[in-house]
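Protein chains in written order, with the numbering used here: chain A, 1087 to 1440; chain B, 30 to 391.
Honestly, I wouldn't trust all of these hints.
Here are the computed lysine-lysine pairs in the DSS-like style, where the Cα-Cα straight-line distance is at most 27 Å [what the hints assert, rightly or not]:
#1 K133/B to K1228/A
#2 K1399/A to K294/B
#3 K1336/A to K243/B
#4 K133/B to K1270/A
#5 K1112/A to K1240/A
Which chain B residues face chain A? A few, computed with CB under 8 Å, are given here [to be verified]:
#6 D177
#7 E181
#8 E219
#9 D222
#10 L227
Hint data in this document are derived by calculation from the structure and do not stem from the laboratory.
As the structure is a prediction and not an experimental result, all values here were calculated from the model.
C-beta: ideal position from N, C-alpha, C; glycine also.
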Amino acid sequence: MGSEHLKVVIGPEDYLKYPFLPEAIKIVKELGLTIEELGETPLGNEILEQAKRKILSVIEDGRYPVSSDDYRLEVSAFATAILLLSQVGDKALTEKFATAFSKSISPSLEADSRERVQLLFYISQVLGWNVKISDKIYVHFKNYIHAQPDFTGKWKLVNRALRDGYVEVSTHELARLIQTGVKKHVSRLVESASVDSSLLPERVYAVVEELSQSWAKTRREVLEFAQAGYRKSGMDAFPPCIKTLMDEAKSGKNLPHSARFVLASFLLNVGFTVDETLEIFKYSPDYREDLARYQVEHIAGLRGSRTKYTPYKCDNMRSLGLCRWRCEGVKHPLQYFYRALRGKTPRVVESQVS
Amino acid sequence: MFKEYYRKNPVPPPPSIERREFAFTTFSSSGMIRHISFKNPEEMNRYIIERIPRHAYYSTAYYSDPSAPEMEDKGWQGADMVFDIDVDHIDTPCKPLHDTWRCKACGAHGRGLALKCPVCGSESLERQTWVCDRCISVAREEALKLIDILEEDLGISRSEMIPVFSGHRGFHIHVEDKALIDLEQEARREIADYVRGLGIDPDLYIERTGDLYKYKYPSTAPGWRGRIAMHLALRGKEDTPLPREELKKLIMECVAEARANIDEKVTMDVKRLIRLPGTLHGKTGLKVLPLTIQQLEAMDAASIIERAVALPDTPVKVEMEEWPRRVLGFTFSEDGSKKTVPLYLAVYLVLNSPTARILSIG
């Protein structure tokens, strides 16, 4: 990369827009604010309150609000939100927060891609990317696939100009890639934040509790919504891939492991119990209650790593040969289900197999 | 005989041997011994000589604690990228010569590749498959296409790609590029889709010209754009305006020719066990043979098999119910159930067919 591209002046407005930049975080450190002060001093309370409001807003309507025009306050609130999320320790919430945050910076990235493209290069470096610029912009495929916003059509790697490991992109596309890159960066910040929870002041701990409860309640409501929806509309709200697998399972077809995983994880996520899920698999020619129960309980998060699994994304379904449809605007089988329940059943096209 | 081989031929260690999980099956029991780890190559070779494995595998993944019995406790640190080319998934012209199937549901039987019973539709088939030089020749072509895509498009250097003859029906291409070992499953799927040409949207490759459509890119364009153009040129169709659907169909035919036919599940899996190069394949007695790309390019299928032969060629008399018409480089007539063959082939016949019996040696 030519050094002239590296010359980028960043100032307080940039910290306000991009509070994850190392320079921004450094400024919070320079303020000398400690965790102990978060629950104690007036400024500490203000920051804690704003951080809490950011996360609650994400839980309630999926939006990350910028709450202050004082960059020091805003960056501190962002950093504190990261800390709170690491204490709540729920991957799904972290993901939701990271998604909302990255969406919130999208207009800024978009504007900077037109006016200050060197800032975009700088952010890509913060993300650790390998980006080359001559008369065009080239992103190493490893970074490209890490940040691809979509896995079909013009974004799919196979449809890109790729040579010697580098993908050619436009400035607009670079902005879009960075948005996804930032989302993953924020998730990583949460995962790598390590604070001994015994050091947390009482008030911070209370906020962590409050957030955990609010999140648990939302998740419960989603599951209840799904269960009620299934009782009402049955398989009508299932995407075509799952309907097909259901039919195949019930007709006694011997499904491959990947198909069983998808079906079981889907059913568990729309509110089936382990026993109800097992019912579907009883027709399988090699059905063994003990083995099947073990596997379904594992997928339900009752065993092993205690992770509750969700079905594969649509792209993976396609790669595994479990999907031959295009459902408009849908990237995940569960997304189809929730949309259908809200009366917005996605349009489905059966595509040719390539 | 495997013992004799391992005494004389120490198995080369995979890179970072201490961070790999090993797994073996033996001749004496049916299960797989897993979660084995070795500190150094000597320890690994001692184990192999003592146990004489029938099949030997190692993890493409690197772990901080490779011998931990639970996958979650192993501490995954990354994985080599591996591509699997196996003619089990590819219909080769030689399959009717040596592959047979029998339907467990209705008893129908036949020759060649069958995914399900053509009589009753059941997928529960018993297969007897054999490998011959023609299978390996098809697999080799696929491997060369793959290597070309990895090198030209993904920029992976030839020295970091190790093609390995699997000892059976194909090749494994191990990519030992340190920059790629931390790729997630999602990213590996995108790479697998790339080399398979999966997800190509032909509408993105064409433009209108008058009432018809033509292909947009020259053969010098990067990636699939140029690759498709080259295949169109081979058909003399690179500049021909065509009706839209016809051109799209033609593009997809070019993709089908140019794609590398890999088993995507192997590439996507970041916790996969793969055959250990330098060991013997327990179904064929052939060596799992690491090659350089230059060797793969220069050798034909017959010489690859020849080099993978690890056991002696002493003449042996074998009896068998149904002989494959072609196996390794040998052609057999179907008449007569007793034939004299080299020992290494006799071992393959016995390992792979329940009806084969060695009658006498020498």
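Do the hints match the structure? See the list:
Between K133/B and K1228/A the CA atoms are separated by roughly 46 Å; this puts the pair beyond 27 Å, and the hint is violated. Taking the CA atoms of K1399/A and K294/B, the gap is about 15 Å. The hint holds against a cut of 27 Å. Note on K1336/A and K243/B: the hinted pairing is violated, with a Cα-Cα distance of about 47 Å set against a maximum of 27 Å. Between the alpha carbons of K133/B and K1270/A the distance comes to roughly 50 Å, so the proposed pair goes past 27 Å and is violated.
Our distance criterion of 27 Å between C-alpha atoms is broken by K1112/A and K1240/A, whose separation comes to about 38 Å. A least Cβ separation of about 13 Å between D177/B and chain A goes past the 8 Å threshold, and the interface hint is therefore violated. Taking 8 Å as the C-beta contact cut-off toward chain A, the hint placing E181/B at the interface holds, the least distance being around 7 Å. For E219/B, the interface hint holds, since its Cβ comes within 8 Å of a Cβ in chain A; the closest pair sits about 5 Å apart.
Among the interface hints, the one on D222/B holds; its C-beta lies about 6 Å from the nearest C-beta in chain A, closer than the 8 Å criterion. A least Cβ separation of about 6 Å between L227/B and chain A falls short of the 8 Å threshold, and the interface hint therefore holds.
In this structure, the hints that do not hold are numbers 1, 3, 4, 5, 6, in rising order.
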